[in-house]
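K.L.:
For the record, in the sequence shown the residue sitting at position 117 is 117 according to our numbering, with numbers rising by one throughout.
I should point out that these hints are in silico values taken from the structure, not numbers from a laboratory.
It is possible that some hints are incorrect.
Stated by the list, open to error - So the derived label-pair ranges between C-beta atoms look like this:
| id | residue 1 | residue 2 | range |
| --- | --- | --- | --- |
| 1 | S106 | G37 | 26 to 32 Å |
| 2 | G120 | L55 | 40 to 46 Å |
| 3 | A48 | G68 | 17 to 23 Å |
| 4 | W109 | T133 | 23 to 29 Å |
| 5 | A26 | Q96 | 22 to 28 Å |
| 6 | W134 | P59 | 22 to 28 Å |
| 7 | V4 | A128 | 19 to 25 Å |
| 8 | A128 | E58 | 41 to 47 Å |
Ideal Cβ positions, reconstructed from N, Cα and C, are used throughout, including at glycine.
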Amino acid sequence: AWAVLCPFCWTLCNLFDQFLARDYFAARTTSFIAMTGLSSLVLLTAFAVCYPAALRLEPRTAALLLAGSLIYVAAMYPYMAALQRDDVSTVVPVFQTAPLFVFVLSALWLGEPVERAVLGPATVIMLAAAAITWDKRQG
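All chains should be built: construct the whole structure from the sequences, respecting the hints.
P.N.:
Here is the structure:
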(Lines of atoms letter the chains of each structure in order from A and count residues from 1; the text may use other names and numbers.)
(Lines give C-alpha, C1' and ligand atoms only; values in the text may rest on other atoms or scores of the structure.)
Protein backbone atom coordinates (compact mmCIF):
# COMPACT_ATOMS: atom_id res chain seq x y z
CA ALA A 1 0.00 0.00 0.00
CA TRP A 2 2.87 2.39 0.75
CA ALA A 3 4.32 1.83 -2.72
CA VAL A 4 1.24 3.43 -4.27
CA LEU A 5 1.40 6.48 -2.03
CA CYS A 6 4.53 8.01 -3.59
CA PRO A 7 3.28 8.09 -7.21
CA PHE A 8 -0.11 9.26 -5.99
CA CYS A 9 1.41 12.20 -4.10
CA TRP A 10 3.70 12.99 -7.04
CA THR A 11 0.67 13.03 -9.36
CA LEU A 12 -1.12 15.42 -7.00
CA CYS A 13 1.92 17.70 -7.04
CA ASN A 14 1.96 17.68 -10.85
CA LEU A 15 -1.73 18.54 -11.01
CA PHE A 16 -1.22 21.30 -8.44
CA ASP A 17 1.73 22.65 -10.47
CA GLN A 18 -0.41 22.75 -13.59
CA PHE A 19 -3.24 24.50 -11.73
CA LEU A 20 -0.85 27.16 -10.41
CA ALA A 21 1.01 27.52 -13.71
CA ARG A 22 -2.18 28.07 -15.71
CA ASP A 23 -4.39 29.98 -13.31
CA TYR A 24 -2.09 32.07 -11.12
CA PHE A 25 1.18 32.38 -13.01
CA ALA A 26 0.09 32.35 -16.65
CA ALA A 27 2.81 33.91 -18.84
CA ARG A 28 5.02 34.41 -15.75
CA THR A 29 7.01 31.19 -15.48
CA THR A 30 9.93 32.88 -13.75
CA SER A 31 7.62 34.22 -11.02
CA PHE A 32 6.30 30.74 -10.37
CA ILE A 33 9.80 29.31 -10.06
CA ALA A 34 10.82 32.20 -7.78
CA MET A 35 7.83 31.55 -5.51
CA THR A 36 8.77 27.88 -5.33
CA GLY A 37 12.30 28.83 -4.32
CA LEU A 38 11.06 31.21 -1.66
CA SER A 39 8.84 28.52 -0.18
CA SER A 40 11.91 26.27 -0.04
CA LEU A 41 13.69 28.92 2.01
CA VAL A 42 10.95 28.65 4.63
CA LEU A 43 11.57 24.90 4.85
CA LEU A 44 15.32 25.45 4.97
CA THR A 45 14.91 27.86 7.87
CA ALA A 46 12.79 25.36 9.79
CA PHE A 47 15.37 22.67 9.06
CA ALA A 48 18.19 24.92 10.24
CA VAL A 49 16.39 25.58 13.52
CA CYS A 50 15.62 21.90 14.17
CA TYR A 51 18.93 20.42 12.98
CA PRO A 52 21.64 23.11 12.59
CA ALA A 53 24.53 20.63 12.33
CA ALA A 54 23.30 19.55 8.90
CA LEU A 55 24.04 22.99 7.46
CA ARG A 56 27.72 23.00 8.44
CA LEU A 57 29.17 22.27 5.01
CA GLU A 58 32.59 22.58 3.47
CA PRO A 59 32.74 25.38 0.87
CA ARG A 60 33.25 22.89 -1.98
CA THR A 61 30.20 20.88 -0.93
CA ALA A 62 28.11 24.04 -0.60
CA ALA A 63 29.22 25.18 -4.08
CA LEU A 64 28.28 21.81 -5.59
CA LEU A 65 24.87 21.94 -3.91
CA LEU A 66 24.31 25.45 -5.23
CA ALA A 67 25.36 24.43 -8.75
CA GLY A 68 23.02 21.43 -8.62
CA SER A 69 20.11 23.57 -7.51
CA LEU A 70 20.76 26.07 -10.31
CA ILE A 71 20.73 23.23 -12.85
CA TYR A 72 17.46 22.00 -11.34
CA VAL A 73 15.91 25.47 -11.69
CA ALA A 74 17.10 25.60 -15.29
CA ALA A 75 15.32 22.28 -15.88
CA MET A 76 12.14 23.46 -14.19
CA TYR A 77 11.72 26.47 -16.49
CA PRO A 78 10.79 24.47 -19.62
CA TYR A 79 8.72 22.08 -17.48
CA MET A 80 6.60 24.89 -16.05
CA ALA A 81 6.34 26.59 -19.45
CA ALA A 82 5.10 23.29 -20.91
CA LEU A 83 2.53 22.93 -18.12
CA GLN A 84 1.16 26.35 -19.05
CA ARG A 85 0.67 25.27 -22.66
CA ASP A 86 -0.21 21.58 -22.50
CA ASP A 87 -1.89 19.02 -20.29
CA VAL A 88 -0.05 17.40 -17.38
CA SER A 89 -0.69 13.93 -18.85
CA THR A 90 1.42 14.92 -21.86
CA VAL A 91 4.14 16.93 -20.12
CA VAL A 92 5.04 14.56 -17.29
CA PRO A 93 5.87 11.46 -19.39
CA VAL A 94 8.24 13.54 -21.49
CA PHE A 95 9.79 15.04 -18.36
CA GLN A 96 10.35 11.52 -17.04
CA THR A 97 12.68 10.77 -19.95
CA ALA A 98 15.38 12.79 -18.13
CA PRO A 99 17.26 9.62 -17.04
CA LEU A 100 17.63 8.69 -20.71
CA PHE A 101 19.36 11.98 -21.39
CA VAL A 102 21.69 11.28 -18.48
CA PHE A 103 22.36 7.88 -20.03
CA VAL A 104 23.20 9.37 -23.43
CA LEU A 105 25.26 12.27 -22.08
CA SER A 106 27.25 10.00 -19.76
CA ALA A 107 28.00 7.69 -22.69
CA LEU A 108 29.11 10.62 -24.87
CA TRP A 109 31.09 12.72 -22.40
CA LEU A 110 32.09 10.40 -19.61
CA GLY A 111 32.80 7.34 -21.70
CA GLU A 112 30.36 5.11 -19.84
CA PRO A 113 29.97 1.74 -21.55
CA VAL A 114 26.66 1.20 -23.35
CA GLU A 115 25.31 -2.33 -23.28
CA ARG A 116 23.17 -3.56 -26.16
CA ALA A 117 20.52 -4.84 -23.76
CA VAL A 118 19.83 -1.24 -22.69
CA LEU A 119 19.47 0.25 -26.17
CA GLY A 120 16.16 -1.45 -26.99
CA PRO A 121 14.25 -0.34 -23.88
CA ALA A 122 15.74 3.17 -24.14
CA THR A 123 14.53 3.42 -27.74
CA VAL A 124 11.05 2.21 -26.77
CA ILE A 125 10.82 4.83 -24.00
CA MET A 126 11.87 7.64 -26.35
CA LEU A 127 9.41 6.52 -29.04
CA ALA A 128 6.62 6.32 -26.46
CA ALA A 129 7.38 9.84 -25.25
CA ALA A 130 7.35 11.09 -28.84
CA ALA A 131 4.03 9.32 -29.50
CA ILE A 132 2.45 10.89 -26.42
CA THR A 133 3.44 14.39 -27.49
CA TRP A 134 2.53 14.00 -31.14
CA ASP A 135 -0.51 16.12 -31.90
CA LYS A 136 -2.55 14.32 -34.55
CA ARG A 137 -4.43 17.52 -35.44
CA GLN A 138 -1.25 19.25 -36.57
CA GLY A 139 0.23 16.27 -38.43
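K.L.:
Take a look at whether the Cβ-Cβ distance between A48 and G68 falls inside 17 to 23 Å.
P.N.:
At roughly 19 Å between Cβ atoms, G68 and A48 fall inside 17 to 23 Å, so the hint holds.
K.L.:
So the hint says 26 to 32 Å: do the beta-carbon atoms of S106 and G37 match that?
P.N.:
28 Å, holds
K.L.:
CB of W134 to CB of P59, is that within 22 to 28 Å?
P.N.:
At 47 Å between Cβs, range violated.
K.L.:
Just to be sure I understand the hint, the distance between the Cβ atoms of A128 and E58 should be within 41 to 47 Å; is that true here?
P.N.:
42 Å, holds
K.L.:
Tell me if the beta carbons of G120 and L55 are separated by a distance inside 40 to 46 Å.
P.N.:
45 Å, holds
K.L.:
Do the Cβ positions of W109 and T133 conform to the proposed distance bound of 23 to 29 Å?
P.N.:
Since W109 and T133 have Cβ atoms about 26 Å apart, the given range 23 to 29 Å holds.
K.L.:
Go ahead and decide if the range 22 to 28 Å is satisfied by the Cβ distance of A26 to Q96.
P.N.:
24 Å, holds
K.L.:
Is it true that V4 and A128 lie within 19 to 25 Å of each other by Cβ?
P.N.:
22 Å, holds
Checked against the numbered hints given earlier, this structure breaks only hint 6.
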